[in-house]
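Letter by letter, the chains look like this.
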Amino acid sequence: MKGCWARKQMNFALLVVPLVAGMLLGYFLREKKKANLGKVTFGIILVLIFSLGFSIGSNSELLNSLPEVGLSAVVIATLAIVFSVILVKVGRRTAGLE
Amino acid sequence: MIKYIIAALLLGGVAGYLNANWSSIVSSVWVSDYLLNASLMLLLFVMGVAFAMDRDSFSKIRRTGLKILIVPLAIALGTILGGVVSALILGINVVATAAVSAGYGWYTLTGPLVGQIFGAKWGALGFAANFLRELFTILTVSLMVRFDKYAPTASGGATAMDTTLPIIVRYCGSDALITAFSSGFILSVIAPFTIMAIASLA
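For the record, the sequence lines run as chains P and X.
Heads up: take any position in the first sequence, counting from 1, add 265, and you land on the numbering used here.
Heads up: take any position in the second sequence, counting from 1, add 2, and you land on the numbering used here.
Isolated chain P (complex conformation) (with noise of 0.2 Å):
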């Protein structure tokens, strides 16, 4: 559980400070040709989905409580997103965000 919370305890700084110098790095290669990135960016993508498996296989606090609570737990996921989801898509409608 440690793993997970460094994730977001590694504090936002740790997310912000990539994606911002990405960004400073697209801006001034904008002239250059667009180079194909697809297959490399997928190949981290498979990585990130692996530690993250990894994390939850590994933490047996986690799998132990899935037993006891998994049916409501699942209900409760699934009713989230389901709202979030539709009330997004109305919200979207509503204030004409393209």
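Calculated from the structure, these hints are not laboratory results.
It cannot be assumed that every hint is accurate.
[To be verified] Pair by pair, the computed Cβ-Cβ distance ranges are:
1. P:Leu294 / X:Pro194: 51 to 57 Å
2. P:Ala278 / X:Arg65: 34 to 40 Å
3. X:Gly67 / P:Val339: 36 to 42 Å
4. X:Arg64 / P:Arg358: 19 to 25 Å
5. X:Ser202 / P:Arg295: 48 to 54 Å
[Claimed, not checked] Some chain P residues judged to face chain X by a derived CB distance under 7 Å, without partners named:
6. Leu294
7. Ala342
8. Lys354
Please read these numbers as outputs of a predicted model, since none were measured by experiment.
Glycine included, C-beta positions come from ideal geometry on N, C-alpha and C.
Chain P is already provided as a structure; the job is to place chain X on it using the hints.
Using the frame of chain P, we list chain X on its own:
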């Protein structure tokens, strides 16, 4: 594309489980902390480059302006509404369930925080429900994007600023980067406050 994602998730899960329960070849921190954070930061960098290289991106942001705040607001309301409806269906404590849902997918915050307020059983539920939100978002992103461009962002909740961001951008395009990141960021910031505010109603 999604089958590789599911395969990577399963493989990681099995590897993490075996490593934790049998051999401990590597300290799990190396993978679930360092490797996860490093890949995430690298992806944020690459997404930033791709975003800024597109000439239209900044003007699109300027046109959107503060309307962008509608997205996290609608997600927060929808999530809590979803929590309340779930409690009514399941016949469990409405306030505690709403607090559980108000983690917006940030399970490492919600589990301990809700557990402290409502007891260990609710902590476990806060943990599991928010973890499943992240998992369902990863698994259904390709279906969601067909319904609405911002549906994956809505589904991801607070995780749209980190773990689910790369997949959201992959499926929704560079356009979605700022909306998804800012929405996830705002939801992450307000999560502890909304949980405690809801809990104070009990």
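Hints, verified against the model:
no.: 1; hint: P:Leu294 / X:Pro194: 51 to 57 Å; verdict: violated (38 Å)
no.: 2; hint: P:Ala278 / X:Arg65: 34 to 40 Å; verdict: violated (28 Å)
no.: 3; hint: X:Gly67 / P:Val339: 36 to 42 Å; verdict: holds (38 Å)
no.: 4; hint: X:Arg64 / P:Arg358: 19 to 25 Å; verdict: holds (21 Å)
no.: 5; hint: X:Ser202 / P:Arg295: 48 to 54 Å; verdict: holds (50 Å)
no.: 6; hint: Leu294; verdict: holds (6 Å)
no.: 7; hint: Ala342; verdict: holds (4 Å)
no.: 8; hint: Lys354; verdict: holds (5 Å)
Comparing the model with each earlier hint shows violations of hints 1, 2; every other hint is respected.
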